[in-house]
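There are 2 protein chains.
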Amino acid sequence: MAGSRIALDVMGGDGAPAATLQGALKAIADTSPHDLSAGDILLVGDPERIREGLDALGGDPGFEIRPASQVIEMGDSPAVALRKKPDSSIAGCVAAIREGQASAMVSMGNTGACVGAATLGLGTLEGVRRAGIAVTLEFKGRAVTILDMGANIAPKPQHLFQYGVMGATYVRDVLGVESPRVGLLNVGEEPSKGTDLLKETHGLLSGGSLHFVGNIEGGLLFRDAADVVVTDGFTGNVVLKLLEDFAAFMMEQVLTELRAHEAGWVGEALANLRKNIDYSEYGGALLLGVNGTVVIGHGRSEAGAVSNALGLASRAVAANVNGHIVEGLAAVR
Amino acid sequence: MAGSRIALDVMGGDGAPAATLQGALKAIADTSPHDLSAGDILLVGDPERIREGLDALGGDPGFEIRPASQVIEMGDSPAVALRKKPDSSIAGCVAAIREGQASAMVSMGNTGACVGAATLGLGTLEGVRRAGIAVTLEFKGRAVTILDMGANIAPKPQHLFQYGVMGATYVRDVLGVESPRVGLLNVGEEPSKGTDLLKETHGLLSGGSLHFVGNIEGGLLFRDAADVVVTDGFTGNVVLKLLEDFAAFMMEQVLTELRAHEAGWVGEALANLRKNIDYSEYGGALLLGVNGTVVIGHGRSEAGAVSNALGLASRAVAANVNGHIVEGLAAVR
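Chains as they are written, first to last, in the working numbering: chain G, 510 to 842; chain D, 510 to 842.
Calculated from the structure, these hints are not laboratory results. Watch out, some of these pointers could steer you wrong.
Identical chains blur together in the list; that is why a pair holds if it fits in one copy or across any two.
[To be verified] 25 angstroms max Cα-Cα, derived SDA-like pairs, lysine to any residue:
#	residue 1	residue 2
1	Lys708	Pro587
2	Lys535	Leu729
3	Lys593	Gly697
4	Lys665	Gln579
5	Lys750	Leu838
6	Lys708	Gly630
7	Lys665	His833
Here the structure is a predicted model, which is why all the values come from computation and not from measurement.
Hey, can you work out the whole structure from these sequences and the hints?
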């Protein structure tokens, strides 16, 4: 059905187009947890490279292609790239949503360019002041969704309050948490802690109809203290990049220690560890608040992550997250 | 010599007073890297518990004691505790510096109370607008000093600029880095990135005489991109607490994986790992900018960390970090 079709930025990400095409094929091959067919995915990018890529992977199962002649590279400045590359695959995904050809998009490309293109090209949902990037991290089975991860680095209290509403809606609709606990990232637990921005936001969140559990300190982020943690895009971005690097650093250390030994179980132990600290299983970040479903994955995504991102986009559309965000915000106005 | 004597808050920290007394004894037993004698350490706390504690540890090598009848607990609200417990061991350490009985203090107690008591009781150094907490983290031999870690959650550009000067002075004087590279924690490398606060700070740091290497993203914090990283106290506090918890979490994961196996080298591998990700080896955080040398260690500190903190305080005094901070700030005014 065209209504829930997902536009896939085939050209985005470090492994593109091979990894993205493999991901698309994997998504339609797997029947669980999502049930996508070739008709549900719209491939956006260079038609020739897409056809070559699909041939190399065993043939085209019947994907539709939307041509896009340009590629925004990971290192490009988002603002410059969006201006100089109007026919990029990212712009093509956004146009596909705007024109009703798709209702969601998935890109493993330049995050800033995706946010910029989607915000400008789709506009925000009714009642939404600013879009925010939500990332779900899972540690040992405990999932926490944090937003904003960098779309809005100098938010106002009302923006943060709306992130609480949007994050809770997403977590309830897509992750199935009935009454998501919403926390505010802060330097102490008391309502009087933090900057003026946070004190005012604390008041707004306390007064709303959310299940607000108050301030959450950095050290409690992974201790199941909340399902949704609200923060400004500056802090969120720093935290996300730091965690990614720190996790990689720790794995290097573990690897160095274990490599010295020949035990047969070392490989398996490492794989288990990777799984437990892998926070890409949800497939990517969701840009909440724009008029469309936008999933942005990590540039390093391989086929599995691309497939998961397509699944996430599909679930978000099916659960009508955006409709519920509009309703939720209308109720608190 | 009384001039460089260090007041030790015997009652502060989870293991007090046993851990702090053991730390004091360890500091005078070890001749390297610092050379402290009993006369260099002033024990501040309940005299009876101190004498009992020393007896249990083999006797008093000749420490002087400054009595303090009250203890600020880790969970106490700093503002309330400072008002209601005027004779606390933390207040006693600050008074010892103010009265010339010591030139430095070390506490493993309530961080907020230490910052409050030292800032109010000692005042700031000449030319310093706001004190900041500097923490040196070492990952695999690469040290990075980050400030502010929470003393000043809503700084102005001039404060952040001064943190750059103070941090560089500390790293040069105490860690021996000749021309410390100073970076600014931000969401992107370009000078135009970040909030207005950061754009303005970038200009100030660029115009100074520091070895300023520009913006540092969260993911580069541990990649030896800078020796000193400047950030606001809100972000710094969130980052520090998050890293502590995340490191603990990762170690739990590694432990779980390895525990399943009986190999004899597992214990050694774990110990090595802990060492590589242990960022308490420097003994604690330095509160830079106050009129005295103030080292605040982790509440969980054991004897080794207490001894390291005493050594850090001793080196900071001997290197005249505070004198150099005053000179450095005078030069850029």
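Violated hints - listed by number, lowest first | 2, 4, 5, 6
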